[in-house]
Amino acid sequence: MNSNKKILVIEDEATLQKALNEVLSKDGYEVVSSLDGLKGLELAQKESPDLILLDIILPKMDGFEVLKRIKENDKTSEIPVIILTNLSNIDDIQKALDLGATTYLVKADFHLEDVLKKIKKVLDI
Amino acid sequence: MLKDFFRKIDFGFEECREFKLGVWQCPGFLFVIMGVINISSMVGIYVIASKYDSPELIVVSVSVVSLLIFVIGSSIIRGVEQIIMVNRIKSEFVSIVSHQLKAPLSGMRWASDVLASNRIGELNGKQEEYLKDIQESTSRMIRLINDLLDVSRIESGKMEINFQDIDLKEIITIVVKELNSFAMANNVKLIIDANREVSRVKTDPIRIKMVIQNFVDNAIKYTTSEKGVVKVFLENRNGNVYCSVEDNGLGISKTEQARIFDKFFRGNGIVKKQTIGTGLGLYIAKAAIESSKGKIGFKSEKKKGSTFWFTLPVVED
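Listed in order, the protein sequences are those of chains S and X. Residue numbers 1 to 125, in the working numbering, belong to the letters of the first sequence in order. Residue numbers 1 to 317, in the working numbering, belong to the letters of the second sequence in order.
Honestly, I wouldn't trust all of these hints.
[Claimed, not checked] Here are some, though not all, of the chain X residues that point toward chain S, as calculated from beta-carbon distances under 10 Å:
1. Gly-73
2. Leu-101
3. Ala-103
4. Arg-109
5. Trp-110
6. Asp-113
7. Ser-117
8. Gln-135
9. Glu-160
10. Ile-161
11. Asn-162
12. Ile-166
13. Lys-169
[Said to hold, decoys possible] FRET-style restraints, in silico, Cβ to Cβ:
14. Glu-14/X - Glu-42/S: 49 to 59 Å
15. Asn-73/S - Arg-259/X: 55 to 65 Å
16. Lys-60/S - Glu-14/X: 42 to 52 Å
17. Phe-182/X - Lys-26/S: 45 to 55 Å
18. Lys-6/S - Ala-185/X: 43 to 53 Å
19. Asn-195/X - Asp-62/S: 34 to 44 Å
Please keep in mind that the hints were generated in silico from the structure rather than gathered at the bench. For each residue, glycine too, the CB sits at the ideal point set by N, CA and C.
Based on the provided sequences and hints, a complete structural model is requested.
Dropping the structure here:
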C-alpha cells in the first residue's frame, strides 16, 4: 500500500536504524538510509525521497546543519522532515522547527508504532 | 532557647563536607574566623590605644587587621563560587548522563517493539509475556530518566513550560480513562465529580496531565482495597480553578507530611509494594503548578485518607 513512498532514514544509532528499516520495509515503504549526516544530505539530493527521518546528533554533520541545507536547496526544500532525536530541550525543539522541520519526536518517549502513525500522517496516507 | 538559636544558625559546614572543601576554603568556617579576628583586634586596638599615645601604631594595627579581613573575605567569596560551581556541574552531570542513557533505552524500546509487532514472526504466549516484562521495565527506566531530567532542569532554573489555554475537564477525563484499569486491578473505585463548567487555565498541558496522573496514581497506590474510593473533583473557586483528588486510604503521618514534597521522598505505607515510583512525582508537580502561578497542597489524616489539591488562576478573557 505504501509501495511508491520512499523514506530516507538518517540515524547513527545502529539498533534504531535497524528497527526503523525493518518495520518500514515490512510495511511496504522503500527505505534508504545513512549512518552520518553528510551522506544523508547527499542521499536527500540524489534519491529525492518522499520523507526524511533525521537525527540531530550525527557524525560528520549534525542534524541541524543537514536540515538547514535540505531546506536551502530548491530540489529538496519541499520534502517533509521528521526530527527523531533524544534531545528534549525546548531550545533544540524550537531551533529545529524554525529551520523548517515538520515535526519533532523524542525517540525514547515514542513507541515505534507511534512513529509509524506520525509518518503516515505526514505522508497523508 | 540559646541552643535552639545556635541550631538555627547554619554555617554551611555540611555543604563543605559534601563538596569536599578544605577547612580553609569553607565559607562558614572562614566567616567564624573573621568574626573572631574582628572582635579580638578591636579589643587589642583598644588596649594599644589606652596604653600608648601613638596614633601611628593604631593606624598600622588597623591597616593590618583590615588587610587580614580583606584576605579572608576574598577566600570566602572563592569558597562560595566553588560551591556554586560544584552544584552546577552536578546538575549538568545528571543532564548529560540522562541523555546518554536515552540512546540505548530507545534502542531497547524500539527493538522490543519490532518483536511485539509480530512483523518478523508470531510470538507464543510465554514469549509475549516476557517481552511485556522487558517493555514495562524499559518504560519505567525512561520515566525515571525523564523525571531526573526534570529535576535537574528545576534545580538549574530551566524548567520548560509550554503555556496553553486548556480545559482541565478534558485532561481529567483522559487521565481517569487511562488509570481506570489500574484502579480496578487494585479494587479501588475511581469516581469523577467534574461535570460542572469550569474556566480555562493557562498551563502546560503535558505537565498538568502528569500532575493529575500523579495525584490519582498515588491515591490508588495508598488506598487499601476494601471499599477504596478515589474521587477526582473540579470546580471554579474564587477566581481559580480548583482540582482535588480525594482518597479514603492510609493517610499520611505528621512526620511524613512535612517531607511530602521533597525530592525522592516516598511514603512508608505503600500498598502495592511492587509499584515502583521514583519519589519525584510530587516534587515535580509542585514546581509545575508554581511555575503556572498556581498553588498546591494537601490535607491528610492517618487511616482516614488524603486529599491532594491544586489551584490555577482563571484565564482572563
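For the hint on Ser-117/X, just tell me whether its beta-carbon gets within less than 10 Å of chain S.
-> The hint holds - Ser-117/X has a Cβ within 10 Å of chain S, the shortest such distance being about 7 Å.
Is the hint on Ile-161/X kept, meaning its closest Cβ partner in chain S is under 10 Å away?
-> Since the shortest Cβ distance to chain S is 9 Å, the answer is holds.
Mind checking the CB of Lys-169/X against every CB in chain S and telling me if the closest is under 10 Å?
-> 25 Å, violated
Does the hinted range 45 to 55 Å hold for Phe-182/X and Lys-26/S at CB?
-> Violated - the Cβ-Cβ distance for Phe-182/X and Lys-26/S, about 33 Å, lies outside 45 to 55 Å.
Report holds or violated for the interface hint on Ala-103/X, using the least CB-CB distance to chain S and a cut-off of 10 Å.
-> Because about 6 Å separates Ala-103/X from the closest Cβ in chain S, which is inside the 10 Å limit, the hint holds.
Taking the closest Cβ pair, is Gly-73/X under 10 Å from chain S?
-> Since the shortest Cβ distance to chain S is 38 Å, the answer is violated.
Return the status of the interface hint for Arg-109/X: holds when the least beta-carbon distance to chain S is below 10 Å, violated otherwise.
-> Holds, about 7 Å.
Classify the hint on Trp-110/X as holds or violated, based on whether any CB of chain S lies nearer than 10 Å to its CB.
-> Interface hint status for Trp-110/X: holds (4 Å vs cutoff 10 Å).
Ile-166/X as chain S interface residue, shortest Cβ-Cβ below 10 Å = Violated - the Cβ of Ile-166/X stays beyond 10 Å from chain S, reaching only about 18 Å at its closest.
Verify the interface restraint on Glu-160/X: the C-beta must sit less than 10 Å from at least one C-beta of chain S.
-> 4 Å, holds
Holds or violated: 49 to 59 Å for the Cβ distance of Glu-14/X and Glu-42/S?
-> Hint holds: Cβ distance 57 Å, inside 49 to 59 Å.
Answer holds if the nearest beta-carbon of chain S is closer than 10 Å to that of Leu-101/X; otherwise answer violated.
-> Cβ of Leu-101/X sits 9 Å from chain S, so the hint holds.
Of the numbered hints listed earlier, those contradicted by the structure are 1, 12, 13, 17, 19.
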